[in-house]
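Chemist: Chain by chain, the residues:
Protein chains: 2
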Amino acid sequence: MPAAALIGVDWGTTSFRAYLIDAHGRILDRRSAPAGILQVPDRDFARVLEQQVRAWHAAARGAPIIASGMITSRQGWQETPYLACPAGAGDLAAGLERRETGLGRIHFVPGLRTEDADGVPDVIRGEETQIAGLALDHGRDLRAVLPGTHSKWIEVRGGRIAGFQTYMTGEVYGVLREHSILGRLMTGDDHDPVAFTRGLDAAGPGGRGLLRRLFSARTLGLFDRLQGGAIGPYLSGLLIGTEIAEALAEGRSADPLLVVGESTLAGRYLDAFRHVGVPAEAAPGDPAAAGHLAIGRAAGLIP
Amino acid sequence: MPAAALIGVDWGTTSFRAYLIDAHGRILDRRSAPAGILQVPDRDFARVLEQQVRAWHAAARGAPIIASGMITSRQGWQETPYLACPAGAGDLAAGLERRETGLGRIHFVPGLRTEDADGVPDVIRGEETQIAGLALDHGRDLRAVLPGTHSKWIEVRGGRIAGFQTYMTGEVYGVLREHSILGRLMTGDDHDPVAFTRGLDAAGPGGRGLLRRLFSARTLGLFDRLQGGAIGPYLSGLLIGTEIAEALAEGRSADPLLVVGESTLAGRYLDAFRHVGVPAEAAPGDPAAAGHLAIGRAAGLIP
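Chains as they are written, first to last, in my numbering: chain F, 95 to 397; chain X, 95 to 397.
Since the hints were derived computationally from the structure, they do not count as laboratory data. Glycine included, every Cβ here is placed at the ideal spot set by N, Cα and C. It cannot be assumed that every hint is accurate.
Here are some chain X residues pointing at chain F (derived, C-beta under 7 Å) [unchecked claim]:
# : residue
1 : V217
2 : F317
3 : Q321
Covered stretches of chain X (in silico footprint by chain F; criterion: 3 or more residues with CB under 8 Å from a CB of chain F, positions within the stretch not fixed) [unchecked claim]:
# : segment
4 : 202-215
5 : 260-268
6 : 329-339
Chain F extracted, bound-state conformation (with noise of 0.2 Å):
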């Protein structure tokens, strides 16, 4: 087995991810659990760290950790700070926060902040790290799509991130169809594609007039013109066509859109760009890991 260069923890609300990697940046083992920091009991995170990656301690032995996500902020394990934009791995870099534990020194990525041009602010935690290993070494500009329960809009420009916006996406889709009128007519989970579109094409010219189109996904259930099981796919491509639309009019940036995350909600998103006629390629590999190393070379942490 190749020497592992780095332990790398991205450790989210709800999920655990860590990569063991070597010091080409390839991947050699990986693990995944549902240990997201708010079902770790007691907050003890240096136990669940400590089971998830055991086997792994012979092979990383001396190798430094590093861990980005939610586990920075106040709910987590160590608070790290929000860096102003721009910002890059050399930033990133600079801003690791240390803590000693029985595993050794692990360093907490820092999340960023910004302002939009009303003065407010916007975050991100995790996604920076993610993003650092994507695109920061290549120097191409870019626009970043991160889907998710917030989904984040990154620009990257000349090698750091330059801003980003959240949109509420995933979490308003989520709690409509929880807990609205909306999800009552509602049956099955299956994706449907031609309800999916339906409800991009519902979207209004430039992320407009979503309060009244919401009700669409009522009334169309209503007059028999959606059935149950297309209700859902019907209203989750309205939000996504709404929020597409948002960014593209709110952005202007001619920069080309890269779709990252290998989830099916990324999949959903690449269908509608391309059906709304915008060019955006699938990111490869597994961004945070390759965030983690590109911040330890960064960093000095590994040769």
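Using the hints provided, position chain X relative to the given structure of chain F.
Modeler: Here is chain X on its own, set in the frame of chain F:
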């Protein structure tokens, strides 16, 4: 006691209201109870109605009963069809559905349906009766705004309802407050006019950008720029401001705006219209009772 000419029943999802009305339209007595159609045991609507209006029987013997609201839906007592727009009091009277009960004959008001430019249906049940009471007799063209869980904007032209739009503002507020991350930092239920106004100002032009702007209710709290008690009013302002901007952008009608209802929420809408510089006035009186009277007259049930 003057002779009662009519019992009007406005029976919605969460509340029951009834009016004892004389032939001049004066309200002789009124009752309300938290006995919405979803709270009626065994769907025994006759029993609830009798409990509520028993004391009126002597005065009202022989007077017709007219009922409107969700009691006329599939989940209610007597389903009535949706009439097409335009529709006035005469159309509503012609569309009454009758049911014989132990309390005598009850006349159920139909709902209305319309379609937007994209062919998407929209519906109202109950609001058509309030509008019949407000405006249809006067022949005055106007746009009525009926705030609520589902806010309705209704266009009245030439004494008939010409069309309407539903905005899910109230329900979106409720589910985000109760079930999303935006509720986590919220404390208390008090109104905060400054935070409400700040939310109004945060709405995008034409109502654009809601999925992104929602997240400001999180980040302004995170950075202590909004205290816990201010976040709810801020979110309320953001959503109401977005609804108003959406509606004004889509509608482009120069007709006067009338805000219907004596609820606290109606007062917020009046505050919001004042803040954004759009003239709007409060609708007078008890529009549901006046609507029952107008429809009853048009149906020849009242001399």
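Chemist: Honestly, which of those hints from before does the structure not fit?
Modeler: 3
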